[in-house]
Amino acid sequence: MHYLWLIPAFPLAGFLINGLLGRRLPKSIINLVAVGSVLLSFLWVVKTLQALMPLESAHIEHYFTWISSGTLNIPYELSVDRLTAVMLLVVTGIGSLIHIYATGYMAHEDGYYRFFAYLNLFMFFMLTLVLANNYLILFVGWEGVGLCSYLLIGFYYLKHSASTAGNKAFIVNRIGDFGFSIAIFLIVATFGTLDFPKVFEAVKALPVETSAGMLTAICLLLMVGAAGKSAQVPLYVWLPDAMEGPTPVSALIHAATMVTAGVYMVARSSAIFLKSPFAMDTVAWIGLVTAVMAATIGMTQNDIKKVFAYSTVSQLGYMFLALGVGAFSAGIFHVMTHAFFKALLFLGAGSVIHALSGEQDLRHMGGLYKKIPVTFITLACAWVAIAGVPPFSGFHSKDEILLAAHHHAPWMYWVGVVTAGMTAFYVSRAMFLCFFGSYRGHHHPHESPASMTIPLGVLALLSLGGGYIHIPQFLEPVFPLAEAHHDQSLMVISVAAGALGIGLAWFMYLARPGLADSVANAFGGLYKLVYNKYFVDEIYQSTLVNPLVAGSRTVLWKGLDAGLIDGIVNGTGSASQWVGAKCRRLQSGNIRTYATWVVVGAVVLLVSIGLASGGAR
Amino acid sequence: MDAILFLIFAAIAVACAINLVVQKHPITSALSLVGVMGALAVIYLLLGAEFIAAAQMIVYAGAIMVLFVFVIMLLNAGEEKKPARPSWFAKLLGIPLTIAVLGLLSFFVQHGSPQSSVTFGEYTGTAKDVGRALFTTYLLPFEITSVLILVAILGAVVLARKEMD
Amino acid sequence: MNFFLITLIKTGIIAAVLMTTLAYLQWVERKVIAHIQLRVGPYRVGPHGLLQPLADVIKLMTKEDLVPEHVNKFFYIVAPILSVALALTSISVIPFGPEIEVFGVKTFMQLTDLNIGVLVLLAISSVSVYGVALAGWASNNKYALLGALRASAQMISYELPLALAIASPLLMFNSLSLREIVDAQAGYSFGFIARWAVFQGPFPQVISFVIFMIAAFAETNRIPFDLPEAENELVAGFHTEYSSMKFAAFFMAEYANMVTICSLATLLFLGGWHPPFPVEFGSGYIPSALFALAGAVALYHSLHPARPKDRFTLPVFAAVFFAIALAMAAPVLSPILVPLFWFASKVGFLLFLFIWVRGTLPRFRYDQLMRFAWAFLFPVSIVHLFATALAVALFTK
Amino acid sequence: MGVMGAVPLSWYLMLSAILFSLGVAGFLMRKNLITIFMSIELMLNAVNLSFVTFSRHYKQVDGQIFTFFVMVVAAAEAAVGLAIILTVFKNRSTLLVDDVDSLRL
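Protein chains in written order, with this note's numbering: chain F, 1 to 617; chain R, 618 to 782; chain U, 783 to 1179; chain B, 1180 to 1284.
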């Protein structure tokens, strides 16, 4: 027993304290509770992992039987294996950093305690999700983080755009969760259990040819869920809008942790996926498409957070590509490094926005590197990391993925390389527009407080050196390592792509300012298309949302509800009225009449008894 | 001897009961009911239920019926008058229903009753037996009845209070 | 048939004795009250008015028995009969002495020994309300009705403390048969303290005895609880409209009830016919000694020159007393008479108490009476009952 | 005492039946609230009689216990019922059930 349950318990306690009493507590206490709880769980994670190392096989703790119905028996179990360990460290570590950052960032917001209560609640659910030892508990965490993301996106619930963005995120996630839940049902139906070890054992035992169909179905449905949660085509639309939330939220939930839940889930289910090549290909395809699409969009956006949001989407696409080509460990590796530099990017962006007191548009920035040097330096680390400049973290993980892709199918590698170039381009673009050139804004920038810059520093170090925490070896007991033939040429090519992207950005936005616009004009139609995100939202609106709304209005509301259900209700009412009108004749109000009725009843009873007992012997 | 006693007191009981029904004046009915109860008490004695016999006298004749007599005196209820809207239904079915009940019951008694007979003094359910049964087997019902009584007292008090003002 | 014969004889004896007692009880009452009020009381009819009861009986019998116009005839006549009948019935279960042997026939000094005697007494006393209530109602007279309502309400109210007070000794002796109860009080603790209920451990029944006596006063509608007959507010209460024998019936009923209730008290609390101290200390000689003393006193007074009238009567009394003393001492009769004496003396003392109280205490107000019953006597008796039950449960094997 | 010594059980039951029917008769034919109430009590008594009879037949005390409970309930019932009757009389100054019919439509 290592009291795994304490890990999620700490944030839960924090949530309860802040949520229930926060209104009355002073900010210092709220900070203490919020940050302290997450730090505690981080420390507990570290301690537990030290105690458990080397974690060759999963360590499972059984607490109680949650559901026991017939043959289906769902225990409340938490488990830790190396995969979980990585996720735990990432979630709690980055989580605590971002909490610290948030204390500075949110300092002047109202609803302070509410914010941290939600944040702690999110941590609780995320940790439950990661620690779960069966699909149901994982699903609980899954839904929980969805809820928190909804709450936090809509944190500024007075802003209409914020609340609609929250709803959008929630509804789109519903679609994914729908698929996920059906997948769970199918798993129960096929394997009669939801515990990971049992399920995976059973899968290994299954003969491929007979059960391929069912397994593929399960995998695809799981992938639907993952696509919803991890913002993959076609369900990625909610993530960019989710940037309405406070920046720490974007960093924690929509960059570092929650959106990787899908990746984690698929990796966790690798045993099943490996049985279904078709599903694997689908995953890879989805990942690739998402990566390219989001990258292209990212190149044209002007809102700094939007840029990073699309970059997140495309990076997630990368991860799914990795999963799809069977390099699960590489995918998780990228999850970690991406968590580092993307969190850093967002926090940095947050710091910039903070410095410009709310300005998010790149066109109103520039030349900030001397005004807010710390932010600049830290962001620069993230930049090089994501652009895949060796030897920084992004380079390693991306390289792993691309290698695996090439080994799977060379053309995927090439697409990946192009995407890498685009990635480098848009990040550099954002950096140049933001920090170099002349200041185009009208606020008076000021450096952020230490509570914000210190986490930036830590994350900067991580994103620089994170690549040397070589996850694939570490994950070997979980995912058998694909034979790694390090092809120098491939590596060089990808690096070159990255360099090219940076260079292009430099040329377009620093060397020849104004060139960008002319390019945009040159490819007017294409630019419009990309700038408007391929009109995906509009297409969804017209093809899905409007028909649905109209249908509900006419058929469900007017037809079913008003017509049928109300009809039944009113019908019951009037029918009983009619019956009553007939029966009230009996209600003569005369006691002796009632008495007579009583005696009549008694006589009838006696007679029937007499008949029943057949004249009583 | 038993038979004679039984017949005497059964006759008294029936006579009093008939008197109860036919007499027009409530207090007469009340006292004939007391008579029924007295006769029944003696019959209980014949059946060897001495405690119940005493309880019959104390509770029924001594308490409940006194209450009735009080109320009758208090309301100074006189002879029955003709009601404004008599229940034709009851008038119509009263006698036939009564006869039906009597017939059915006697039918059951004739065919259904066990063929045993009672001789005085060969068995007595003494107060000890009753008490033992009451406080062991039937303890819970006993306690519940005590609660019932309490509630009844409250109800009576409330109603009477309302009646006062 | 033997059984019937004996019962018949017993009934005859008891009836005769009881009637005389009732008649003379009234004479005693008048005498005692008179002496309390420093009067002489009845003195004319016979020596010391000894024949007064006889005269009264004759008067009541010969008086015109009028039935008012407006009364409900049937109940008007039934009521007194009912009350006196019930009052006399209750005597039948009361034992006066131990088992005796007369002419080789062993029998109890008691009409019937029911093993639910106490319950029967309670039942009768609870039914005897009807006599009063009916009388009042049938008289069709507002004073009578009010008196009747008061009387019955009061009797019902005081029945609870009475019953609860009775329950305590029953708990101690765990029996309902009066005879067994008395037997349970035989003997002496430490050799000299009589094991009467009022003295007997584990829980001497003094309190319940007091409660019982108070309730008894109320039950019999005696002063200080005689509101039904509060002449200054309702003339004569429920028997306002009655005269001659019917009136006498109510009177007899009242006295009979007094006797019954006093004997009940004696049996339950004062050890029935058991002497207050053991025979070893010569309790057997007390009766004859007393009567001898009485005779001596009578003789002495007869020699007193200032009382010429008594010169003949008192010696007669003396002779009677001496005769009784001899009878008490006689070995044949003493086993019968001595217990009887003790029983009679205890009952007599209680009756004297009744009369005494009547001579001295004022009357309650009606609401006080009721509040006393419900708000004080009832709770006290319940608590006492619990205490007794606890003591019995703890100290008796 | 000889032939007449034993009384057949059915006699007691018959008596109970007769009393019950008389109660029913009063229940149906009398118009005075109090009398009707008393008829109900009569029926209760009849039932008690059969209870006691059967307890005698099975030589078990349970039937008497039931009778006891019936008495208790009857006492409670009488207390409340009579209070109700008093209130009814206060409000309508009549005891005739047929005239207490304001629930009539």
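Everything labelled a hint here was simulated from the structure, so no lab data went into it. There could be a bad hint or two in this list.
[Claimed, not checked] Sample of chain U residues with no beta-carbon within 10 Å of chain R, all distances over it, derived: (1) 802; (2) 827; (3) 857; (4) 883; (5) 884; (6) 905; (7) 915; (8) 919; (9) 930; (10) 931; (11) 934; (12) 968; (13) 976.
[What the hints assert, rightly or not] Calculated cross-link-like contacts (lysine to aspartate or glutamate; reagent style EDC-like; alpha-carbon spacing at most 20 Å): (14) 699/R to 1256/B; (15) 1269/B to 696/R; (16) 1238/B to 696/R; (17) 641/R to 1278/B; (18) 641/R to 1256/B; (19) 698/R to 1278/B; (20) 533/F to 361/F; (21) 888/U to 811/U; (22) 708/R to 1256/B; (23) 1210/B to 1277/B; (24) 371/F to 361/F; (25) 698/R to 1277/B; (26) 745/R to 965/U; (27) 855/U to 739/R; (28) 698/R to 1241/B; (29) 1210/B to 746/R; (30) 159/F to 109/F; (31) 745/R to 1062/U; (32) 699/R to 1278/B; (33) 1210/B to 696/R; (34) 641/R to 1241/B; (35) 745/R to 962/U; (36) 699/R to 1280/B; (37) 159/F to 359/F; (38) 27/F to 110/F; (39) 370/F to 447/F; (40) 708/R to 1241/B.
Keep in mind it's a predicted model, so treat the numbers as computed, not measured. The beta-carbon is built from N, C-alpha and C at its ideal position, and this holds for glycine as well.
To see whether the hints hold, each was checked on the structure:
Non-interface call for residue 802/U relative to chain R: holds, since the shortest CB-CB distance, roughly 30 Å, exceeds 10 Å. Non-interface status of residue 827/U relative to chain R is upheld: no Cβ of that chain comes within 10 Å, the nearest being about 40 Å off. Distance check on residue 857/U: its Cβ comes as close as 8 Å (rounded) to a Cβ of chain R, failing to clear the 10 Å threshold; non-interface status is violated. Its beta-carbon lying about 25 Å from the closest one in chain R, residue 883/U satisfies the requirement of being farther than 10 Å from that chain.
For residue 884/U, the requirement that its beta carbon stay farther than 10 Å from each beta carbon of chain R is met, with the minimum near 26 Å. Not every CB of chain R lies more than 10 Å from the CB of residue 905/U, the least distance being 3 Å, so the non-interface label is violated. Look at residue 915/U: its CB is around 6 Å from the nearest CB on chain R, not clear of 10 Å, so calling it non-interface is violated. Annotated as non-interface, residue 919/U brings its C-beta within 10 Å of a C-beta of chain R; the closest such distance is 5 Å.
Its beta-carbon lying about 8 Å from the closest one in chain R, residue 930/U breaks the requirement of being farther than 10 Å from that chain. Not every beta carbon of chain R lies more than 10 Å from that of residue 931/U, the smallest distance being close to 6 Å; the non-interface claim is violated. A beta-carbon of chain R comes within 10 Å of the beta-carbon of residue 934/U; the shortest separation is about 6 Å. Residue 968/U, annotated as away from the interface, keeps every beta carbon of chain R farther than 10 Å; the closest lies near 22 Å.
Its beta-carbon lying about 28 Å from the closest one in chain R, residue 976/U satisfies the requirement of being farther than 10 Å from that chain. For the suggested pair residue 699/R and residue 1256/B, the alpha carbons sit about 27 Å apart, so the restraint of at most 20 Å is broken. About 18 Å separates the Cα atoms of residue 1269/B and residue 696/R, which keeps this hinted pair within 20 Å; it holds. The straight-line distance between the Cα atoms of residue 1238/B and residue 696/R is roughly 45 Å, outside the 20 Å bound, and the hint therefore fails.
A C-alpha spacing of about 17 Å is found between residue 641/R and residue 1278/B, which places the hinted pair at or below 20 Å, so the restraint holds. Taking the CA atoms of residue 641/R and residue 1256/B, the gap is about 24 Å. The hint is violated against a cut of 20 Å. Proximity of residue 698/R to residue 1278/B is assessed by CA-CA distance (about 11 Å); at most 20 Å being required, the pair is judged to hold. Only pairs whose Cα atoms come within 20 Å are accepted, and residue 533/F paired with residue 361/F is accepted, the gap being roughly 17 Å.
Restraint check for residue 888/U and residue 811/U: not satisfied, since their Cα atoms lie roughly 36 Å apart, outside the 20 Å limit. Taking the CA atoms of residue 708/R and residue 1256/B, the gap is near 27 Å; set against the 20 Å cutoff, the hint is violated. With a C-alpha separation of about 7 Å, the suggested pair residue 1210/B and residue 1277/B falls inside the 20 Å cut-off, and the hint holds. With a C-alpha separation of about 17 Å, the suggested pair residue 371/F and residue 361/F falls inside the 20 Å cut-off, and the hint holds.
Restraint check for residue 698/R and residue 1277/B: the C-alpha separation of about 11 Å stays at or below 20 Å, so the hint holds. The straight-line distance between the Cα atoms of residue 745/R and residue 965/U is roughly 19 Å, inside the 20 Å bound, and the hint therefore holds. In summary, the hint linking residue 855/U to residue 739/R is not supported, as the alpha carbons are separated by about 44 Å, beyond the 20 Å threshold. Between residue 698/R and residue 1241/B the CA atoms are separated by roughly 44 Å; this puts the pair beyond 20 Å, and the hint is violated.
For the given pair, residue 1210/B sits about 42 Å from residue 746/R by alpha-carbon distance, which is inconsistent with the 20 Å threshold. This hinted pair checks out: residue 159/F and residue 109/F have alpha carbons roughly 14 Å apart, not beyond 20 Å. Taking the CA atoms of residue 745/R and residue 1062/U, the gap is near 37 Å; set against the 20 Å cutoff, the hint is violated. Taking the CA atoms of residue 699/R and residue 1278/B, the gap is near 10 Å; set against the 20 Å cutoff, the hint holds.
In summary, the hint linking residue 1210/B to residue 696/R is supported, as the alpha carbons are separated by about 11 Å, within the 20 Å threshold. Note on residue 641/R and residue 1241/B: the hinted pairing is violated, with a Cα-Cα distance of about 38 Å set against a maximum of 20 Å. Simply put, residue 745/R and residue 962/U have alpha-carbon atoms about 15 Å apart, close enough for the 20 Å limit, and the pair holds. A hinted pair counts as satisfied when its Cα atoms are at most 20 Å apart, and residue 699/R with residue 1280/B qualifies at roughly 15 Å.
For a cut-off of 20 Å, the pair hint linking residue 159/F to residue 359/F stands: about 16 Å separates their Cα positions. A distance of roughly 11 Å separates the Cα atoms of residue 27/F and residue 110/F; the hinted pair therefore holds under the 20 Å criterion. A C-alpha spacing of about 10 Å is found between residue 370/F and residue 447/F, which places the hinted pair at or below 20 Å, so the restraint holds. At most 20 Å may separate the alpha-carbon atoms for a hinted pair to count; residue 708/R and residue 1241/B exceed this at roughly 39 Å.
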